[in-house]
Structures are given as structure tokens and as C-alpha cells.
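Chemist: Once you have looked at the hints, place chain B on chain A.
In case you want the letters, here they are:
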Amino acid sequence: MVYVAQPVDILAGDAEDRLEAIFNDHHESIVSLLFRLLGGREEAEEQAQEAFIRLSKDRVIWRPREEVLAWLRRVALNLGYNALRSRRRELARLQRHARLEEPLSRSPGDPEASALQAEDIGRVRNALAQLEPRQQACLMLRYSGLSYREIAATIRVAPTSVGTLLARAEAAFRANYKE
Amino acid sequence: MRCEDMGTLRAYLDGELPEQRGGRLQHHLANCARCRDELHRLRTTAILVAQGMAALGDVPATARVPEAHVLASVLSRRGNPAARGRRLNSTFGGFSMFFRKLVRQHRLALAGTLAMLAFILIGLTPQGQAAASNFLAQFRAQKLKVVTVDPSEVSKVIYDLSQLGLVDASQLRGMNPSPVASVAEASQRAGFPVKQPRSLPSGVPTEPVVAVKAASTLSFTFDIAKAKAHLAKIGETGFSVPAKFDGAKLSLHVPSAVLLVYGQSSTKPLLVGQAGAPSGEVSGNVTLSEMRDLLLRMPGLSPTTAAQLTAMDDWANTLPIPVPKDRAKWQEREVDGVKVLVVSDVSALGGFVIWQKDSFIYGIGGPFGEQELLNVARSLK
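Those protein sequences? They're chains A and B, same order as listed.
Sequential numbering of the first sequence, starting at 1, is according to the working numbering.
Sequential numbering of the second sequence, starting at 1, is according to the working numbering.
Isolated chain A, as found in the complex:
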């Protein structure tokens, strides 16, 4: 009826519907992914939001869902890495100037358990940080429950090479973790 005459709106409205559907299905998993990387809820949510804003402005939104997700995870991880880098810089600056030491991650709840947990998390994070970015991404994606196919699409490698990449990343992580 009336809408026939509004192709411009139709296109815009459709993009919005599409964005909304993707957001509803995947916002949570993107936040989780970023939380593992960044350790802070607010920061993870902030970067996830930024990733969705970028998606809303990118033509990739018209590609098949699988491709959109790979793109979204890739962008989210890159945003996460950038945030980590600037946080490290900021931390270094603070330490230089004020001799402040701030743990990278804070957990609420029981102080003693939190301290233990924080130490664990610190070790894991250190072990991860020493890996090359692709290995880091591979571990984070795999332990977020993604399939090899999804991992391959996100980090842009052949699905058949995910096994090798993952095995190497795990071996390297183990070596770092044991140090």
C-alpha cells in the first residue's frame, strides 16, 4: 500500500530490522567475548556497543548472517585489543607518575576468594597476553564455544588449519602459564 512508494524508507527500515535482529541474537555473546579479553563489564559493554555501531554503518550487514558474525567478532576483538593497549599505556603512565599499582581486573564478592581469583585471572591474562594476536583470538573464540568453522571465518584462516592453530596456541599458553 502506502509503503510501496517509500523505497528509501523501506531500505532504511529494513537495515534497522536487520541490525535489531542481529543485536538481539548476538549482543550478549559479543559482550562475553570482550569480557574475557578486557575483564571489566563496563568496558566490555562499551566496546560491544561500538562494534554494533560500526556494524550499523557497514555494508557487511547485508551479507549472510555467518559472514556478519565473523565480521562483528573480528571488529570486537580489534576494538578490545586497542582498548587493552591504551589501558596498558595509561597504567604505565600512572605507575610512572604516581607509583600506583592497579590490578587489571576487579571482582566483587568475598574478598579472600576474590584475591585468589584475581591472582588466577592475572596469570591467565599474562599467559594470554604473551601469545601472538591470532593465537589469543583463537583461544578466546574457542573457549567462548565457537565451532572451528566460525573461528576460521572470524580470524580469516582455512577451517582445516584451526586445529593446528589451536593446538599451537594451547601449547604456548601452557608454557606461559607454567612460568
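Hints listed in this document are in silico derivations from the structure and should not be mistaken for laboratory results.
Each pair of labels, with its calculated beta carbon distance range:
id	chain 1	residue 1	chain 2	residue 2	range
1	A	122	B	19	40 to 46 Å
2	A	157	B	302	27 to 33 Å
3	A	66	B	30	32 to 38 Å
4	B	217	A	129	56 to 62 Å
Computed list of chain B residues with no C-beta within reach of chain A, every gap over 10 Å:
id	residue
5	179
6	290
7	294
Every residue gets a Cβ at the ideal spot worked out from N, C-alpha and C, and that includes glycine.
Modeler: Coordinates of chain B only, in the frame set by chain A:
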């Protein structure tokens, strides 16, 4: 069987090997101590990493920001297109969530119609005016036919089409449905007598909000350079636009339309729309069959949809009504000797009926059952 590499063994641990390959590997493992050791090592490492990664934890559920809030923020930062998409809703305001969904389905269906119109235009058999000079062909909707589509397919085809040339929507600016004071005023503005339902489902307010949409034209002109750049960008190799399509043009004319919304802010709003039949024409340096072939080959168009369109015997006079596959069911009914398409949501939330009579297209939709909608249709005068 030879020993497998680390990657294959790792994939086997995750159950990521194709079944046959996994079976062969299992057989090999039974006979190869070296691979068993390697697999054991990989498993031990994987468990340790899993424990470590688990320590990173997940977002505390209680602390999550309500997602709707975040989505709203994303949409608001998206800029103009989203704002435009919401315009129609804000025109009437206060739509219930269900109705928004229904309107979306309409919009989707009609977005499809737009794309399909382009297909019909070039699907014309060269007859009558169409056979005249300048390769001109005319289309005029005189009957309706359902085409089941995958909604994402429709979006993609429209999007791709818009990337193959120039969409001239300049005539559409500032031409939203504008509210008018009365049905009489709507008739005057639209240039045809507006029909009103004499019978409404119980509980529906009898005074509608009335809006008129002025007539408009949309045209699309193929631009080969742009098409090539787009197809290269998306890595499409199976589809190309031949050079002679450069400058070929499709025009769609949509006559003025009137929309009546009964109970717009209630939970059960009823939408009644009427408009002249859309028409269109095609011009350029390509033959009709070439144009039709090209559009039916559009990469986003599924073979099923293409087949449905190809099978239409009276292209020049048929308006396909795209119905989302799996989300809606449809059937043909007859109301006072006129064929009516009844399309309903599979979850029985509501639906719409649409028909063509005396060169006008009518549609009635809302969260009502088929009989209720047909009763309204029958009472339209």
C-alpha cells in the same frame, strides 16, 4: 593409514572432524601408540587451558545493562537512515509492539513488491505498447499473485539492485503519508473516493486516523561502472551486467494512496489501505528478454523465487505479493466475486487481506482472525 598431524588430532578432540575421517582416525589410534600419546598430550593441555580460560569467567548476569537500552543507543547513533525508517511510525505514534511488527511485515512484503515490480517490468512479453519503438514496455497491475520469499533474500536483492545503478528517489522526498482531517479531505487529495469499512471487529474504535500519500515515481538507471565496482567489491564472480545495460532505465509509478488507522493507540489497531494500481515502464538499449534474464539472475535471488517469477504467465498484468516463507501462510478466497489473498502470521497473531478491484488495490491488516478481516473487507464501501 599414516599418522595424523597435531591439528587433525586436536580437531578430533573437539569432534570437529568429518564423520568418516573421525572413524578412520579412531581406527588408526587403536593401532598407533605414538598418536595415542600425542592425543593424550593435547587433551591434557586443552584441559589446563580450559580451566584457565574458565577463570576469566563471564559477565555477571545481574550486572548487565538492559539490552533494549543499548540497542536504542546504537540505533540513535546510526544517523539518518534509522530515523527515516522510524518516520512512518512516528507519524501515527503509539503503535503497540505487535502492530509495529505487523507494519514491518507489510513493509517487508512491500519492499519485496518493489523488487518484484522490477522483475515484472522486464518480464513483459513484447506486446501492445511494449512492442513500440524505444524498447518501451509498460506494466500495469491488474491482478495479484503470491510469491513466497525469504525476507533476507528480498533485502539483499533490493540492496544489490541499488548498487548496480542510480536510484532516483528525489521525487519521493517530503512525501510521507500526511495526516488529514477527514475521509472527505483524503478523497479530495488522493483524487478518488475513499472507501470505508461499515463493519469493524468488536472493540475497534469507529473513528480512524486518516493519512494521504501523494503519487510518486521511482526510477532506477543502470550504471555499468558502478555495477562493476560493486560486484568486484563484494567478490561476486558469477554475475555481471553487460555493457549495453548502461543507461537502461526502469520507472515505477505509484498513484496516491490513503491509509485509515482505526484504534491506532490501542492493542488491536486495524489498518485499511487503498491505492491506485502501480504501473511502470522500461526503456533503454536492451531487449526485454535480456533485461528479464539479467534480473532473474541476480545473485541474491534464490532459484525457488526465480522459478515462481518465471512461471507467471501474465507478467505484464500481475503484481507479485511477496509472502515471507515460513513466517506466514496464505490462501485465496472469494469475496463478492472478487479474488482476495488472505495472508496470516503462522503464529496466528494476525494478518492482512489484499485484493484488486476496478484498478485499485485494497489492503486490510491487523491482529485479527481471517474471518474478522474478511468481514471488514466485505463491508468496505
